[in-house]
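**Q** We have chain A; now place chain B onto it with these hints.
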Amino acid sequence: MRTLEQTTQEVLDLASKHFNVPVGSLAPEDDFFKKLGIDSLQTLEMLSRLENHFGVELPDYEVQGVSDFRTLASRIQSRL
Amino acid sequence: MKSFTGKALRWEWREGVIELTLDHAPANEIGLAMLEDLERFTAAMVSLAPDTAACIVHSERKHGFSAGADLRELYHAAAKLSEKERVSGVRNFLERIHAVFNAIDAAPFTTIAAVHGVCFGGGFELALACDIIVADKMARFAFPELRLGLIPGFGGIPRLKRDMGNAFIRDLLLTGRSVNATRAQSVGLVAQLAAEGEALRIARATAAQVVKFDGVTRAAAKKFIKPIPHEDLRREIDIFCELFARPAVMAALKKFVESTDAMPYLP
Chain A
42 MRTLEQTTQE
52 VLDLASKHFN
62 VPVGSLAPED
72 DFFKKLGIDS
82 LQTLEMLSRL
92 ENHFGVELPD
102 YEVQGVSDFR
112 TLASRIQSRL
Chain B
13 MKSFTGKALR
23 WEWREGVIEL
33 TLDHAPANEI
43 GLAMLEDLER
53 FTAAMVSLAP
63 DTAACIVHSE
73 RKHGFSAGAD
83 LRELYHAAAK
93 LSEKERVSGV
103 RNFLERIHAV
113 FNAIDAAPFT
123 TIAAVHGVCF
133 GGGFELALAC
143 DIIVADKMAR
153 FAFPELRLGL
163 IPGFGGIPRL
173 KRDMGNAFIR
183 DLLLTGRSVN
193 ATRAQSVGLV
203 AQLAAEGEAL
213 RIARATAAQV
223 VKFDGVTRAA
233 AKKFIKPIPH
243 EDLRREIDIF
253 CELFARPAVM
263 AALKKFVEST
273 DAMPYLP
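Protein chains in written order, with the working numbering: chain A, 42 to 121; chain B, 13 to 279.
Okay, chain A solo, but in the shape it has when bound:
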């Protein structure tokens, strides 16, 4: 079973790959809206990629108010 650190790193890797941002420039505490330059439509896209990758469902309201990668990872972790 993944640790939260592993899950967080996978979230950063996915975000880096799909939004063309160097992975080294992303940190767990970063605001993903600002760092990735994404709007709410692209947030849905990210949600789908995360769900497909981790094999979980992440209802939209679980990410309401969440803007940093680490908290997003913890939401995923709680469904693994």
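Please note: incorrect hints may appear among the correct ones.
[As the list claims (entries may be wrong)] According to the in silico footprint, chain B covers these stretches of chain A (three or more CB under 8 Å from chain B):
1. 60-70
2. 99-111
[Stated by the list, open to error] Using C-beta positions, here's what the derived DEER-type ranges look like:
3. A:Glu98 x B:Thr229: 34 to 40 Å
4. A:Ala68 x B:Arg247: 48 to 54 Å
5. A:Leu45 x B:Asp226: 56 to 62 Å
Hints were generated in silico from the structure; no laboratory data involved. Quantities reported herein were computed from a predicted structural model and do not represent experimental measurements. Glycine included, every Cβ here is placed at the ideal spot set by N, Cα and C.
**A** Only chain B this time, still in chain A's reference frame:
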């Protein structure tokens, strides 16, 4: 009319298959332009049907199949009217939409929705009127109407009731959340899953399969398995109009319209 290009969509008939392409910026919002073109399509269906085995409904827009009703158009039209005129205007629009979606639902040929990206609200309801939904893994389905103080008004609840278990429907309707295509397939909403970007190719392969078989048999089987829930559809319009009359709905629409975000009511 074997081919047509309108403001919001186009269609082309070829070798027994119609491809109906939704193409209205930004995300195939369903307002008057889309409704009028869909009415043209359902009128043309009458003459196309004898030579048609399948119709694929898909989107040319990058963000997805359809983001649903054109809420900006709805707000701006409603804001100019009295409360009574607003409700009768909405009722008139819904009755026209229902006529179109019911015609698609009952079409004597097999209808296939090839879905990618956002498939929300009225867009989801258009897909539900089709016989088969092929969705790529990045597709998402939602009824966000709850966030505006409304229920789906284009026939979504009766069609969901017809097609699947109540528990899943309650989750969707009472939380307004979106679900991905993989989950949608697991509950039987989506018939076939596709890799990202492959929904249209798979829909075409499915249509090519459908073309091989006897049209009379296909139409009879479809009519038997897929009754149109007329009473529930009429009741849905009544409930929608009752809810729409409330001031909170115009306030929610105003907030939506004034937002600068692409999808103001999500997540």
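**Q** All hints are to be evaluated individually against the structure, with a verdict given for each.
**A** Against the structure, the hints:
no., hint, in the structure
1, 60-70, "violated (count 0)"
2, 99-111, "holds (count 5)"
3, A:Glu98 x B:Thr229: 34 to 40 Å, "39 Å, holds"
4, A:Ala68 x B:Arg247: 48 to 54 Å, "53 Å, holds"
5, A:Leu45 x B:Asp226: 56 to 62 Å, "58 Å, holds"
The structure does not agree with numbered hint 1 stated previously, though it agrees with all others.
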